[in-house]
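Asks: Residue-level listing of the chains:
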Amino acid sequence: MRAPRRHRTEGFGRAARAVGARSVTAIGLLAATAVTMWRLERFRPDYWAQLSPWVTFVAGGFAVLAGTLMFAYWRLAERSHAYLRFGEKLAFGDETSLLGARGYSLVLGRASFVDVVDLPPRVIHALYIAIGLGIALIGLDNRGVALLREVPSRFDRSSIDYCKPPEPPKPETPHSQGCKLVERAYKLGYTPSLGSCAPAEARREASQVCTRRQLDEPYLHYAWRRLADRAAELATADPGPGGLDRFEQQLDHLEAIVDGTLDTVAMRPRSSHHLFTNLPDPRPGLRDRADGLLERSCGARLAHLPHFPRMADGPAGPSKLLEHVLAQLMFNPRYKPIVAQCEEVIVHWDAPPDTCARLAAGPLAARGALDSARGVLDLRATRAETRELDPAPARARELPPAQRIVSFQCLMFDPAAEPAPPVERTLAIDGERLAVREVRMRPLVGDGGSQIRLYKQLAALMAPGFGYGRLTSNQAVGAAPEEAALADAFRQPAFWLTRLDLLRDADLFLGNDWLARRPDLLEVYPYHLHLQNFIEIFRRQYRQHEGRL
Amino acid sequence: MRAAALMVLALCGVVHAEPPPARGAYIAELLEALRGMDRASLANTRKYIQVVERNKCQAPEMTLRVGCLLEAAGQNCKQLPGDARERCRRASDVIATNLLAERVFVPDDVRYQLVTRQHDARSAIARELHRRRAALVAELAMSEFFPGPRADTAALAAGIDGFCTDVAGTRDLSWQYCVAAIVWFVASDGAPEEAR
Numbered sequence: 011m012r013a014p015r016r017h018r019t020e021g022f023g024r025a026a027r028a029v030g031a032r033s034v035t036a037i038g039l040l041a042a043t044a045v046t047m048w049r050l051e052r053f054r055p056d057y058w059a060q061l062s063p064w065v066t067f068v069a070g071g072f073a074v075l076a077g078t079l080m081f082a083y084w085r086l087a088e089r090s091h092a093y094l095r096f097g098e099k100l101a102f103g104d105e106t107s108l109l110g111a112r113g114y115s116l117v118l119g120r121a122s123f124v125d126v127v128d129l130p131p132r133v134i135h136a137l138y139i140a141i142g143l144g145i146a147l148i149g150l151d152n153r154g155v156a157l158l159r160e161v162p163s164r165f166d167r168s169s170i171d172y173c174k175p176p177e178p179p180k181p182e183t184p185h186s187q188g189c190k191l192v193e194r195a196y197k198l199g200y201t202p203s204l205g206s207c208a209p210a211e212a213r214r215e216a217s218q219v220c221t222r223r224q225l226d227e228p229y230l231h232y233a234w235r236r237l238a239d240r241a242a243e244l245a246t247a248d249p250g251p252g253g254l255d256r257f258e259q260q261l262d263h264l265e266a267i268v269d270g271t272l273d274t275v276a277m278r279p280r281s282s283h284h285l286f287t288n289l290p291d292p293r294p295g296l297r298d299r300a301d302g303l304l305e306r307s308c309g310a311r312l313a314h315l316p317h318f319p320r321m322a323d324g325p326a327g328p329s330k331l332l333e334h335v336l337a338q339l340m341f342n343p344r345y346k347p348i349v350a351q352c353e354e355v356i357v358h359w360d361a362p363p364d365t366c367a368r369l370a371a372g373p374l375a376a377r378g379a380l381d382s383a384r385g386v387l388d389l390r391a392t393r394a395e396t397r398e399l400d401p402a403p404a405r406a407r408e409l410p411p412a413q414r415i416v417s418f419q420c421l422m423f424d425p426a427a428e429p430a431p432p433v434e435r436t437l438a439i440d441g442e443r444l445a446v447r448e449v450r451m452r453p454l455v456g457d458g459g460s461q462i463r464l465y466k467q468l469a470a471l472m473a474p475g476f477g478y479g480r481l482t483s484n485q486a487v488g489a490a491p492e493e494a495a496l497a498d499a500f501r502q503p504a505f506w507l508t509r510l511d512l513l514r515d516a517d518l519f520l521g522n523d524w525l526a527r528r529p530d531l532l533e534v535y536p537y538h539l540h541l542q543n544f545i546e547i548f549r550r551q552y553r554q555h556e557g558r559l
Numbered sequence: 007m008r009a010a011a012l013m014v015l016a017l018c019g020v021v022h023a024e025p026p027p028a029r030g031a032y033i034a035e036l037l038e039a040l041r042g043m044d045r046a047s048l049a050n051t052r053k054y055i056q057v058v059e060r061n062k063c064q065a066p067e068m069t070l071r072v073g074c075l076l077e078a079a080g081q082n083c084k085q086l087p088g089d090a091r092e093r094c095r096r097a098s099d100v101i102a103t104n105l106l107a108e109r110v111f112v113p114d115d116v117r118y119q120l121v122t123r124q125h126d127a128r129s130a131i132a133r134e135l136h137r138r139r140a141a142l143v144a145e146l147a148m149s150e151f152f153p154g155p156r157a158d159t160a161a162l163a164a165g166i167d168g169f170c171t172d173v174a175g176t177r178d179l180s181w182q183y184c185v186a187a188i189v190w191f192v193a194s195d196g197a198p199e200e201a202r
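Protein sequences appear in the order of chains D and S.
Here the first sequence stands for residues 11 to 559, where the numbers follow the working numbering.
Here the second sequence stands for residues 7 to 202, where the numbers follow the working numbering.
I should point out that these hints are in silico values taken from the structure, not numbers from a laboratory.
Ideal placement from N, C-alpha and C gives every residue a C-beta, glycine not left out.
Just so you know, not all the hints are guaranteed correct.
Chain S is faced by these chain D residues, among others (derived, beta-carbon under 10 Å) [as the list claims (entries may be wrong)]:
1. ALA26
2. PRO319
3. MET321
4. ALA322
5. ALA499
6. ASP515
7. ALA526
8. ASP530
Using the sequences plus the hints, can you model the full thing?
Replies: Here it is, written out as C-alpha cells:
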C-alpha cells in the first residue's frame, strides 16, 4: 500500500520510502518458521513419507483458520503505521535508529509523511496461512494426531472412572457325585469343612468398597464426596507427619525442590560419562560445533547409521570412525536396551595421552569434564534431599550410586600398544570415589579389522567385565566349519548367492581374519546378524555398571 | 557335526576354481538365466529344490542346510548339457537363496498369524512373500539406483547391486536375499507364485 499522493510531495520534494512493519513481520515470521522446520527436520522426504494424511489435513485446517483469524483480528489488511527503512534518520519525526554505520542506518519509525510500501493484503493473508501451516507441522506429528483422535473416547464413559455394575449372581453349578459325598460327610460331622465343594456364595471374598463414581451418581455429588474425603484424609491423624508439618518440611527444603523442578524442566543431563582420546576433533569447524550444540536428540539420525562404514580418508577418518562406533554401541535406538543419551556421553578429543593417569593423580587435570560431573553429582544430591520429603515409600527408593552416573574413560591410540585389558584407577570428587579406566590400542587403519578391534576395545572399556565369545555369538557352535574350509568355499564362483549364507557362521568379532583379505565378501557381509548381537550383549553388560539418574 | 559340515562343503565345491564374478555381471547373468529358461524347466527346478529343502535338507544348522542345498542343486543341473546347465545353476542359485530367505521375509510371528487366521496357510504365506518382494522392488524403482524402465539388463543389474548393498548396509536384510528376491520378481514380471 502506498501513502496518499499529498504525503509524498508535501514540502519535501520526494518523500522517503519505507517497508511496512506488517509486511516485514510477516516475512520474518515465515522465515523463522521455515528455519525452525528445517532445524526439526520437517523438510526431510522420509519424514513426509511416513506422515499420516491426517496430519496434513489437520495442519491445513489449522493453518487456514489461524491464518485467517490473525489476518482479520490483527487488521493486517490495513496499511502499516510503523515502518522500517535504510537511510539517514530524519531530523524530525518519530524515528529510531536501530543499526547504523557511516550515517546510514536501519530506521524504525512512524512518521506519517513517509511513503510506506506494504505487501498486498492477499499476499499477507497467504503468508500468515503459511506460517500457521508451518507451526502446525512443527507441533503436530502422527502421534499428536492419534492422541487428538483419542480425545472423544477419553471423555467417554468408561469403567475406569465409574464403579462397575454389580455382577449378576452366577447360576448354581450342579455338584458332582464326589461333592455329594463330601456334603454328606460334612453333615454327619466327618469333615470340618466342605472345601472346594462349598457353595460359590460362601467362597466369594468380600469385595472392596468401590469409592469411584457410581453409575447413577450426579457429578456434583461425586465432586463433593471427593472433596470431603480429601478433607477427612488431611484431618485424620496418621503415624506420619501431618499436612502442615509436611508443608513446613517442604519450606525448609524449598531450594532443593525448586532446583529439582528446574532441573527436570530444563532436562539437565542425568549422567556424565567422559571418554578422552588423543584423536583429533573430527568437527573443528564452528558450524559443525554449533550444529552439535543445537542437536537435542540424536535418536532419529542415528537410527539410520550404516552398519559398517569404510573409514573416511584424511586425518579426521579415525575420529569419525570412533564417533560411529560409539554411537552404535551406546545410542543407536535400533538396538535394545537403550542405555545412554547422546548429550550425556562426552568425547574429549585431542586429550594428552596420559590424561587418565593425571586424572587419577588430581582431578584438576580435566576441569571441563569435572564441571559437568559435579553438575550431575549435585543433581543427585538434590534428588536425594527431595526424595526424603516424599511420604510414599516407593518414591523414596535408593538413588543409583555416583559411580554409575559419572565415569571417566581413556581410549588412547599408540603405535607401540599391545592388546591388554583396561587399566583401572580411581578418582575422588566431592568425597565420591569414581572409576577411571584406560585402554591403549594401535592406531586405526582403513581395513575392516581395525573397526572390529575398535568395537571390542571400546566395549571392554565402557562396560567392565564385557566378554564376547563363541557361546554368545550368533555363529553356530556345533557345525561351524573351519575358517580355511569356509574361505575355500568362496573360491568357487557357482551358486554365489546361496554360498553367501555361509557367512552367518563367520562372525568377524570372533576372528575369521581370512575375511579381511576378501573385500568382495566384506561388501556383502551380513553385518546386521553379528553386530546387533554384539551391541546388545554389550548394552546388557553396560547397564549393570553404568546408567542414569 | 563339524566333520559333516566340512564334508558337505568339500562335496559342494565345484571343480573349476575361477575368481568370483563381479557382482553386477553375476546379477545380470542371473536375470538372463531366469528369463532364458522355459517355464516348465524353471517350475521343475523350483519344485525340486523346494522339496529337497523341505525334506532332505532340513537341519538345525544353517551351514548344513546350505551345504545340502548346494549339493542337491548342483546334482540336479549336472545332467544338463552346456548352456542349459549354466542357466540351471544360476536359476537354482536364485531359487535356493529365496527359499533360505523365506523366514526373513515372513518371520515366524507373521507366519503364526497367517497360519491361525487363514484356512489355506501355505497360499497365504506365499501371498505375503510375494507382497513383501513386491514392496522391495517398488522401493528399488523409487530409489536413486533404478536406471529407468528402458534400461538394459546390465544397467538394471548394477542398479539392483547398488540398491541391495545400500539395504544390506543399513537394514536387517542380507545382500543376497535382497538380490534374489528382486531378480526373481523382475525376471518373472511380478507374476505371483500360482501363475508361474
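Asks: For every hint, state whether the structure bears it out.
Replies: Structure-based check of each hint:
1. ALA26: violated (53 Å)
2. PRO319: The hint holds - PRO319/D has a Cβ within 10 Å of chain S, the shortest such distance being about 8 Å.
3. MET321: Hint on MET321/D: violated, closest Cβ of chain S at ~15 Å, above 10 Å.
4. ALA322: violated (15 Å)
5. ALA499: At 5 Å from the nearest chain S Cβ, ALA499/D passes the 10 Å test, so the hint holds.
6. ASP515: Result: holds, 5 Å to nearest chain S Cβ.
7. ALA526: Since chain S brings no Cβ nearer than about 17 Å to ALA526/D, farther than 10 Å, the hint is violated.
8. ASP530: holds (6 Å)
Hint compliance for this structure: hints 1, 3, 4, 7 are not met, and every other hint is.
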